[in-house]
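There are 2 protein chains.
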Amino acid sequence: MDYLSQISKLLRYYCLVSTSAAGSGHLTSSLSAVELMTILYFNGFLKFDLENPDFHNNDRVIFSKGHASPLFYALYAVAGKLTETDLKTFRQIDSPLEGHPSMDFPYTEAATGSLGQGLSIGVGMALNAKYLDKLPYKTYVLLGDSEMAEGQVWEAMQLAAYYKLDNLVAIIDVNRLGQRGETMLGHDVSDYAYKARAFGWETIVINGHNLTEVIKAYKKAEQIKNTPVMIVAKTIKGKGISFLEDQDNWHGRILDQDQFQKALVELGDVDVSINGKIAQPKDIKLKVNKKIKVDVDKFLIKPIKKQLATRKAYGNAVTKLGIKNQQIVVLDAETSNSTFANIFAQVFPERFFEMFIAEQNMVGTAVGLARMGKIPFVSTFGSFLTRAFDQIRMAQYSKANIKFIGSHVGVSIGQDGPSQMGLEDIAMFRSIRESIVLYPSDSVSTEKLVKIMANHNGISYLRTTRMDTPIIYDKDEEFKIGGSKIIYESSKDTITVIAAGVTLHEAIKAYKQLRKNKINIRIVDLYSIKPLDLKTLEKAAKETKALITVEDHYQFGGIGESVKSALVNQSTPVYTLFVDQQPNSGQPAELLAREKIDAAAIVELVNKLK
Amino acid sequence: MDYLSQISKLLRYYCLVSTSAAGSGHLTSSLSAVELMTILYFNGFLKFDLENPDFHNNDRVIFSKGHASPLFYALYAVAGKLTETDLKTFRQIDSPLEGHPSMDFPYTEAATGSLGQGLSIGVGMALNAKYLDKLPYKTYVLLGDSEMAEGQVWEAMQLAAYYKLDNLVAIIDVNRLGQRGETMLGHDVSDYAYKARAFGWETIVINGHNLTEVIKAYKKAEQIKNTPVMIVAKTIKGKGISFLEDQDNWHGRILDQDQFQKALVELGDVDVSINGKIAQPKDIKLKVNKKIKVDVDKFLIKPIKKQLATRKAYGNAVTKLGIKNQQIVVLDAETSNSTFANIFAQVFPERFFEMFIAEQNMVGTAVGLARMGKIPFVSTFGSFLTRAFDQIRMAQYSKANIKFIGSHVGVSIGQDGPSQMGLEDIAMFRSIRESIVLYPSDSVSTEKLVKIMANHNGISYLRTTRMDTPIIYDKDEEFKIGGSKIIYESSKDTITVIAAGVTLHEAIKAYKQLRKNKINIRIVDLYSIKPLDLKTLEKAAKETKALITVEDHYQFGGIGESVKSALVNQSTPVYTLFVDQQPNSGQPAELLAREKIDAAAIVELVNKLK
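Chains as they are written, first to last, in my numbering: chain A, 1 to 610; chain B, 1 to 610.
Hints should not be assumed to be uniformly reliable.
Copies of the same chain look alike in the list, so a pair counts if it works inside one copy or between any two.
[As the list claims (entries may be wrong)] The calculated lysine-lysine pairs, modelled on DSSO-like cross-linking and capped at a C-alpha distance of 30 Å, are:
{"id": "1", "residue 1": "K596", "residue 2": "K399"}
{"id": "2", "residue 1": "K596", "residue 2": "K88"}
{"id": "3", "residue 1": "K516", "residue 2": "K596"}
{"id": "4", "residue 1": "K285", "residue 2": "K225"}
{"id": "5", "residue 1": "K608", "residue 2": "K324"}
{"id": "6", "residue 1": "K225", "residue 2": "K302"}
{"id": "7", "residue 1": "K302", "residue 2": "K539"}
{"id": "8", "residue 1": "K88", "residue 2": "K9"}
No lab work stands behind these hints: they were computed from the structure. Treat the numbers as computed from the prediction; the structure is a model and nothing was measured.
Excised from the complex, chain A in its bound form:
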């Protein structure tokens, strides 16, 4: 026990050293969790091979309260993986020890810092252990009390209970104080426990600074079956430094030189020679499933009159891919019979996870699954993916390999009205720095693009359409990220019309009407919205008098803007047709007409420009 309190003391020392060297950082939020992490890491509970951080059977630790990074790094210093000198690079530009844990540090499981997201990521890792890789590793998530206000935490709680994740242990560091004052529940640990039990969790309430109680808690947590476990720890923010303890206005503040010296004196002798031992995980081989034989054909949706909605083609495509690639998993937020993720669910129920109507947790869970080597396809209505923008934003910092599918986009969904229409989804996914945005118009291009997405590593988005659309491509047609297709072209083309998805079919109708009057236009299928096929666009700008983009999406951040930006340094005019009025309920054709993104609007504009 003395060894453990020595480690706690050393951890506090390292937290002081790193934050003072940085001149910023969250010292007091780190100090409150010292004993909780001392025991987890150095009393045999955590099983982790430090030499092989990616080992599939390592236990996982997520600091959902990412601002406690000084403690996070201190743990690996005690474990011998960082020196005091390393710790002094905390928050410096070339240091892997960032203000919030990032993937530059090899022991970070997921980038955190936007509060309330860590438990969802843990759910993904725990789902993987229990249902996919069938491994005994445990997932531990350290939560702050302030972040319990985030609804996403409760989305994760209910789902973890629903899936009986007894391999998931959450630890709430109830230090009472948030950034600007007391939390809603203050030090009322029993209230946290009450809520957690109501959400189906086993709870253990302890004094988070009493090593014996902390040890008992982790022991008990190991024995609990069929439900996830929440350790609710009453702690003191700033614990260990008298003038910081339970004091307001110290969040994210560090000590001045005198205070720093005073703190060191209070800590007393620190044994920097201690080398904390972390237990080794069991060396279990990962079972590689043998080839599966399944006749998917009877589950697939067949075209009717050579028409098939791209959302249905997505369901077909991901299911076919699922045979060869067993890393593919599918998550859907209670819309699988609309997104057609349900085809995959029927064929591979063990690799489909119903996430219910909780998009934020769905994306966080996907981050956890991706971290464990799975390839999550995440689907709901395009409009409802906006619910998880912060989680998608953070997923990029976790370097997560996730495929997003948004169905029911644009006014062409018709009668359900604007609340269900994805009209900002292209703008949202384009804004993610390294994202790929794809928007197929028929079932062939959809199937090809879904396959390309599966093989691309990173965040990509596929936009699918509700209504059935004609199949325009031959099944051998090839597609690529950053590509486009010319549907019609001739030497006599006057105008180029650039469209994707449902508006491509309007453009094709327009082409046919214009042909009757001997007017030739070029039609480009811009199925890759990000990146753009600049070559084809520039060629069209050279060879035709004007370009017209047509999209079932609002103006800002959409296809028109992206084409305009790409072509700014040439003189051919670019005209943009987009959803300009607030849509309402109506028939798809009526709405496309009212927004002037249908064939008639294209014909009208071409006649004006030709």
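Let chain A serve as the given structure and place chain B on it in line with the hints.
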């Protein structure tokens, strides 16, 4: 009682009629809530002046399960405000009776359809009644059981309990079935009640089809003090039509002709002459607060060495406005000491609402407050506003007048790292169709723009900077939506540099360095990012060789793209500097330099182009 069951029967009839006429819509989800709404509306509980829907003391009803719109409209038909013919226009393009309630229908309090948002809006209305307008009106929110999976609902629950909203009554229609199958909790009403109690609510569990039980529930709800009340009603999806009752695969499906006839037969005689009476609200005058005398000056933050961070200037500005305009309220998500909303909180504690770390509910609450005539200023870090994109998206359909303030934007926040950096926030707010996006660079422009925001009706966004920046404008300088400022210009300008916020100060530094070498550049402060000052941009494009935009934001959907799109049809080249690499922790100056958005990068590019 017979009168009430006649009304229930008539409501069911109207639901059948409207959905069958539309050929789509959510019949079964409407039928389950018929008795719950019959009693609320027509047994004296709801107090609402149908002739004056905006009357300040009307009780409020929000259909959070917006897909139950057939029932919603049927209620107003029974009340005599819609005819059966009106109902048959359901979901038609020119009908106010949209697929999900929209503001085109005069009795809609808030646009719903993205699930899990209605309770937050109700919280806003209830906060207004209890703490601001001090009125006795009650707010009723009808929730679906599926949407209880949304974390936002639990954010609203905890906050409603925290603020002791005993004027808020939620009714969960537990009909067991979601869109694609059974919900997580199925028919386990006691589980819903357990969770609600854990979140501090009084609960009443009933059979939602037993009129006597429903009456008792509303009666009891009226008597409960100091806590909000949740009526948990066990119901049957499709209730009243035997072949629909508790059946899967009927969500959002309607009846064919035979089924429709069969259903009518089952309903039996319906008395369409019934005119349901809704009770009148008390005619209470709205107290208009007399002029307040308060010396804000001692609370305001003074510039140091002619420098002041725009986030601090925001805090000053909204507080000063708060004196004259008592409709202004401020909401913040546990960051008020970073956004400086805490200045307002100190001066006007009764008009400041701490929303804790729950951005989704914060925005929903603001929608409710805006509906009641308040002008909510909603602040947190720009990065964390992405957490509420779906709520912001829906706010536009509620025609909500909300001012968003995002602080800590861009890499210039420094050491906290990317999780805390607003780098997609401009793209997000621009994507909202009618939004205004403002980005001031000094305290004077901030104060002027905050005032302009307060007077503009709609969704606007102000982007503020963490670090102190020099005051560059005279206090009498005027600003406007769609405006810009030319900081430097001359007849010898070679290049125009367009910047805003922190990069404007880098541009000014660049100007001074270039002047030393007799190179003149024009500097434009693009403080209004949406709409753009096209005239000034086009003039610069005419008068200088090239334009350079510089922004502390990612590329896609940012300032550079918006300027490029605006200038596409002219030939002057536009170059864009933006955050191009994934940032990490570091000193602000280091990060601005690494991303090549600092003075040195501007000088380098100008020298290349000049």
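Cross-check of the supplied hints:
no., hint, verdict
1, K596 to K399, "between (40 Å within a copy, 23 Å between copies)"
2, K596 to K88, "between (60 Å within a copy, 27 Å between copies)"
3, K516 to K596, "within (21 Å within a copy, 53 Å between copies)"
4, K285 to K225, "within (24 Å within a copy, 60 Å between copies)"
5, K608 to K324, "neither (51 Å within a copy, 52 Å between copies)"
6, K225 to K302, "neither (44 Å within a copy, 59 Å between copies)"
7, K302 to K539, "neither (37 Å within a copy, 57 Å between copies)"
8, K88 to K9, "within (18 Å within a copy, 74 Å between copies)"
Hint violations for this structure: numbers 5, 6, 7, all remaining hints satisfied.
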